[in-house]
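**Student:** Take 277 as the starting number for the sequence shown in this note's numbering and just add one per residue.
Treat the hints with care, as some may be off.
Taking lysine to aspartate or glutamate pairs in the EDC-like style, the calculated list, with each CA pair at most 20 Å apart, reads [stated by the list, open to error]:
(1) Lys363 - Asp459
(2) Lys363 - Glu344
(3) Lys402 - Glu322
(4) Lys402 - Asp321
(5) Lys363 - Glu374
(6) Lys402 - Glu350
Between beta-carbon pairs, the in silico distance windows are [as the list claims (entries may be wrong)]:
(7) Gln346 - Pro452: 37 to 45 Å
(8) Arg430 - Ser326: 15 to 23 Å
(9) Ala325 - Ser351: 18 to 26 Å
(10) Glu379 - Arg430: 30 to 38 Å
(11) Arg360 - Gln448: 18 to 26 Å
It should be emphasised that the hints constitute simulated quantities derived from the structure, not laboratory data. Glycine residues also receive a C-beta, built at the ideal position from the N, C-alpha and C atoms.
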Amino acid sequence: MGKARLEEGTPGPGERRVSEDQRELEGFDRRRSAGLFVGIGTYQDENLASIPFAVDDAVDLAHLFLVELQLIHESHTVLCLAGRPRKEETAEKLRRLEGQGVEIRRPLQTEIYTLLERLGGRTNSKGLFLVAVASHGVSFEGADYLLAEDSQRRRAARTGIAVAELFDEVAQARAPRQIVLLDACRDN
């Protein structure tokens, strides 16, 4: 069987186009999906280096899943950003997403945990829950952490996002389709 093609246009060899009606018949409804896209390019802690394209990565992925693939509805999507896009193309995508009503928040530790629970609760058996994070990552005493905008390098275990807890929150979502994309720069 060929690959499904979700974007507009003529399907390529071995591909088929999937319409919104077909997705609903196949048990998928983008209005029952949710997405959290986190891009942290700058940090409050001066000891943490900036990540130049983290915001671009989060915005580009949100645009891909909302606009291009149409797998997530904008009313159930949040972008948590610290910094600005560096590429003009990505800045335009961000303006488009904002114009469609995508919620923009700061990627603070408590905010991220709150959004994981809230957005996961908005999904159901016909949806998808997607979480994408571009940030620094650290390991401490055998556990992995992602750093939020307000995390402190020396206190990553207390001020970061525990990767195990992030996976637990995603697993509690009502959506049977769950995707976690982690892009973590590590230096430890």
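**Student:** Now tell me if each hint is right for this structure.
**Tutor:** Evaluation of the provided hints:
1. Lys363 - Asp459: 18 Å, holds
2. Lys363 - Glu344: The given pair, whose Cα atoms are some 18 Å apart, holds under the 20 Å limit.
3. Lys402 - Glu322: 43 Å, violated
4. Lys402 - Asp321: Between Lys402 and Asp321 the Cα gap is close to 41 Å, so the pair fails against 20 Å, i.e. violated.
5. Lys363 - Glu374: With Cα atoms ~17 Å apart, Lys363 and Glu374 stay inside 20 Å; holds.
6. Lys402 - Glu350: 16 Å, holds
7. Gln346 - Pro452: 37 to 45 Å: 19 Å, violated
8. Arg430 - Ser326: 15 to 23 Å: Check passed, 18 Å falls within 15 to 23 Å.
9. Ala325 - Ser351: 18 to 26 Å: 35 Å, violated
10. Glu379 - Arg430: 30 to 38 Å: Holds: the Cβ-Cβ distance is about 31 Å, inside 30 to 38 Å.
11. Arg360 - Gln448: 18 to 26 Å: 33 Å Cβ-Cβ, so the 18 to 26 Å window is violated.
Violated hints for the displayed structure, listed by number in ascending order: 3, 4, 7, 9, 11.
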